[in-house]
Amino acid sequence: MEKPLAPRESKWREFWRLFKKNKLAFLGLVIFVLFFLTALAGLALTSGPKPFFDPAVVRLEEKLRSPLSTPHKENLSSQAIPRLGLYLFGTDELGRDVFSRMMQGAWISLTVGFVAVGISVIIGIILGSISGYYGQNGITADQMIEALVLILGLGLLMAGTLIPGALILIAGGLFFVFSQGWKKRMRKRAETGWTGILWMRIISVDTVIMRFVDIMLCFPSFFLILTVVALMPPSIYNIMIVIGLTSWMGTTRFVRAEFLSLREQDFVTAARALGVSNWRIMFRHMVPNAIAPVLVSATIGIASAILTEAGLSFLGLGVPPPHATWGNILSDGKSFIFDAPWLTFIPGVAILIVVLSFNLFGEGLRDVLNPRLRERS
Amino acid sequence: MLSFIARNCVQKIITLFFVSVISFMVIYLAPGKPSQVDPLNPKFTPEMVERFRKQFHLDKPLYIQYGYFYRDLLTGTTVSWKDNEPVLKKIWERFKNSLWLFVVGTVLTWTLSFPIGIRSAIFRGGAYDRGVTFLSYFLISIPGFFFAYVLIILVVNAFHVPVIGMETFGLGDIPWYRQGMDRIWHLLLPSLLGAAGGIAILSRYVRSQMLEVESQDYVRTARAKGVPEEQVHYKHALRNALLPFVTMFGLILPGLIGGSVIIESIFAWPGMGRMAYEAILARDYPIILTENFIAAVLVLVGTFVSDVLYMVVDPRIRL
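Chains as they are written, first to last, in our numbering: chain A, 1 to 377; chain B, 1 to 319.
A portion of the hints provided could be inaccurate.
[To be verified] Sample of chain B residues at the chain A side, in silico, Cβ under 8 Å:
#1 Ile-140
#2 Leu-281
#3 Ala-295
[As the list claims (entries may be wrong)] Covered stretches of chain A, as calculated for chain B (at least 3 residues, CB under 8 Å):
#4 212–220
#5 231–238
Derived from the structure by calculation, the hints contain no laboratory data. The structure presented is a predicted model; accordingly, all values stated were derived computationally and were not measured. Don't be surprised by glycine CBs; every beta carbon is placed ideally from N, CA and C.
Given the sequences, and given the hints that come with them, work out the whole structure.
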């Protein structure tokens, strides 16, 4: 029996060994796990009809108490006494317990980061892989006309002009049937005649998607997010969706670049020879090989999404009150910055630590996943 | 070269067209109407709303409004819906204020990042390098508004100078040098804050470029033939590492219009970012769309400049 000569290491083992060597990145991971647990605990303990830590209890006689101070129990009703027996992080200008509010806000930060980045990664992977895989395929004139007609019809429908919109949509459908039928008939003949112009390739899929990326990159992102959030009704879901929809461009570019090189490799040819369908090749065979740079940019993207949400909350456009987020605790506390600095410093430092941990973790991932950087630095 | 420029220009104009369409759609299809902004104002009678809608073509279909708007914008006659002032004049007023922040911030970024990055590349792995690395992660991660308050507390407590606004109000007749100092104190914090993230990112980039070049063969050759270390670093390595940064000159252009909303609102700085923010809250669409359009133009011009610069400085590149 042959034994492997060198000690075999699985991919994960090797990754873990290299990762543990990077002290800062490891610290980032630890903080990230702690933050995750805190946010989960925060969700469990501060929501529901009778939360364990109630972030909404107003105690006007106990306002702006400093951290670690004990409540004056004789003045408070029995529900208003904080669970821990003291104000761990102090109270704000309405006497609400900052610790409970921070716990509540942690969950918001976490979900904003993950949902926003989830949306942007999904869009990025789909568009990037289509662009990289089908890049050379052209879009023909009839497909372009089709798409334009359908978009026009839908647009008119949405703008409220029902009858022309519906007519145009029906016309689009008829054109689709016509062009499919015509194409079948034409394929049998050798020369196509003047209708051949309909099937001329005008532009490639790759060009369309990459130009769209260029267009999206022209918008100043924070400004765009601000505009949309201010014009939409205030809700946390809008913020997540908007941040996600305005930050997928980087991922698209990474995935496309990876796909362009992966497409030429043997395992893809082998899969194709086995008759694996295109979508299966893309998402089962190629995406797992292209995921490393996406993971890195997603980790750093979570950090910037958390910062963006905090910034929006700070400007008063984030989650509507009374729900607490770290950004609006800080924003409310800024008027008391000299009397009650903890209202600024506690959420500020919390955001800083969480964002820092994501950034360090992301950079660590980049170093470990990229073999070219491994020997260096 | 010429064909590249021509092709690029056509492409950029098409991109700009789509940007204008998308930004128009985003703003006009959002729920809520600009004419409903102030329903409690007694002056806002239904006739007023009707006149307002007529005057700004709000009663026309969207594509006609689009045509009107960009015709006005390109001929420079757009007016704000709030006070009927020409938008370009308003933007220019604010631009002059933001320009100060931009210039000081950019100068700080570019003068500080290079020495920091080069030094940490030369002493890679040492205490200085590790300290700077951690510090730059720190600067990237700290929320700007929090950092602003920390700095305000520090500066106000340590130096007892006012920092909010563009200048101290009501100073009256004071000698020019004191007025100058006052302006500098007011300018320093916001521009430093604007530069902080840039310094962190750029110095990391300088460091990685330097490391890349220092591992090249010609640097080893230079060392082997006995060139003094100073010359190896600054003549052989640095000059080649500088190449990508030439192109970044083009990419700082969009910062001209950006003007950080958050920093300008904290420091009560009457700049462009704050004007955009106020316009968004007041649903003053002409201002929002104009700023967006200018920003898009600057991004496109910036990428164009950086492409051309790349071709000029690096003869190997043929686009």
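Each hint tested on the structure:
1. The beta carbon of B:Ile-140 is positioned within 8 Å of a beta carbon in chain A (closest approach about 6 Å), and the interface hint is therefore held.
2. Checking B:Leu-281 against chain A by beta carbon gives a least distance of about 6 Å; that is within 8 Å, so the hint holds.
3. Interface restraint check for B:Ala-295: the shortest CB-CB distance to chain A comes to about 5 Å, inside 8 Å, so the restraint holds.
4. Taking a C-beta to C-beta cut-off of 8 Å, the stretch 212–220 of chain A contributes 6 residues in contact with chain B, enough for the three needed, and the coverage statement holds.
5. Interface restraint, the stretch 231–238 of chain A with chain B: holds (3 residues with C-beta to C-beta distance below 8 Å; minimum three).
When the structure is compared with the earlier hints, no violation turns up for any of them.
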